[in-house]
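K.L.:
Letter by letter, the chains look like this.
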Amino acid sequence: MRAKKSKQNEKNKQHRLNIGLAQMLKGGVIMDVVTPEQALLAEQAGACAVMALERVPSDIRASGGVARMSHVKLIESICNSVTIPVMAKVRIGHFVEAQILESIGVDYIDESEVLTPADEEFHITKHDFKTPFVCGARNLGEAVRRIHEGASMIRTKGEAGTGDVVEAVRHMRAINREIEALQKMNPAKLKKFALESKVPISLIEDIRKKKQLPVVNFAAGGIATPADAALMMQLGSEGVFVGSGIFKASKNKKDQMALAKSIVMSVTSFNDPDILKKVSREIISTMKGQSVSNLQNIEKLSLRGK
Amino acid sequence: MKKLSTNKIIIGILSLQGDFKEHSIALEKLNIQHINVRKKNDLDQIDGLIIPGGESTTIIKLLKRTKLFDLVQKKIFNGLPTWGTCAGAILLAKKVTNMDQQTLKILDIEIERNGYGRQANSFTEEVHIGTNKKTTFPGIFIRAPKIKKITKNISCVGMLSNKEIVAIEYKNIFATTFHPELTDDLSMHEYFIKKIVNKDLGSL
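Residue numbers (the numbering used here), protein chains in the order written: chain A, -8 to 297; chain G, -13 to 190.
By construction, these hints were calculated from the structure, which means they are not laboratory data.
Label pairs and their computed distance ranges (CB to CB):
#1 A:Asp50 to G:Met85: 28 to 38 Å
#2 A:Gln225 to G:Asn139: 43 to 53 Å
#3 A:Gln90 to G:Asp170: 31 to 41 Å
Below, computed lysine-lysine pairings styled on DSBU-like, alpha-carbon distance capped at 35 Å:
#4 G:Lys181 to G:Lys81
#5 G:Lys132 to A:Lys(-5)
#6 G:Lys7 to A:Lys189
#7 G:Lys53 to A:Lys268
#8 G:Lys7 to A:Lys200
#9 A:Lys4 to G:Lys132
Glycine is no exception: its CB is placed at the ideal position from the N, C-alpha and C atoms.
So here's chain A without its partners, still in its complex pose:
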């Protein structure tokens, strides 16, 4: 009994540390990178973390096939190339890929809808891991399910690889609106919401009381410009993931650096139009993008993993 209790205590401490790392990332930009060189560029541009990947989402979208966890050697080489935290993605439900990432020693695991789901019924039981997890969510229900499974950071799903911010906006607004709606619910309705979301009522009550998620909430999916990033921040996001946006904007390193720096600054000064104008002037090109409204449901990554 006592051993069990102390194990739980250890888990709680670890969870606190894991939420804490996400708190350190706040007000920052996490950039997708596919090589150690890109990771260095991201670090020099001022990224607060990088996401190590084999292909950025827009390439995954274009090439089709099954998208899996990146090659171990690639993730290791990116871990060794920068001093900022390194994240990497696993398929939804693929807890063995997560075990491998934990063994590599990545700082955060993204259980991501961008990769092809490995389990259509269950997400990873993230409480079983020491390494923190970030998960995507389209609404409060998805967010609380992931938190209940042990996620220590949430991001909007958005629609990755499109360069279209519309879904990220929709998801951020949905989460905000649903948290707001909790305030007006009576105990019976709260209980119903918890039941429908398949989480304990205590988690819903906690969110209601604090008027925010118990973990950090970033924006992701389709963010391509400094203005997009600042838009998400003004909508209440605590930081931003930029996937394909930077390295798909141009093949030229100088242009990539200009855009990356500009997005970093726009997240810091998201409320200052003069600075947003200034940093927007610095950019040379942005990614072409693909309108989400032209996608069929089957092409939407955000519909994976509810």
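For chain A, the structure is supplied; the task is to place chain G on it using the hints.
P.N.:
Okay, now just chain G, sitting in the frame of chain A:
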């Protein structure tokens, strides 16, 4: 919680990146006025500065890009009471031992970035405060730096049970390699206001 009667002072929290909001929540609880520092003129009205946790490489770059770097450095040199937590402690250090990293070069210490390792090696441990071993603080160490060397005139404020120094003080400067802003314990914030900020205000 007894509120401190220091309503007149204003603390600036460097708010370029990191957990600056957690510091403002702590100061709020202590009824201390505070502002976010993002631009030059924000520095004009403050009696003390907190450099929060975050990514030190990011914060240093943003200090440069916002042209705050030289001003902040000068203000601290000229006596602005300043507290750095984790990344903030790295920024204050004269030397980072394990990488070529620019800092404000104010505090005569050598510090090792990510001194305990990656996130897998982050930990929580009681910090022993002052000479009285009984006073402890719940230390949260996240990819924390390790203080490798301090000069004689720098005083140790907190250490781990293995004697490793994790909180230091020198004149107007206070540095902790852990994150008091992530706990509900306000005693480190109180310490900064009472001992570092007011001490200096008294001499004006």
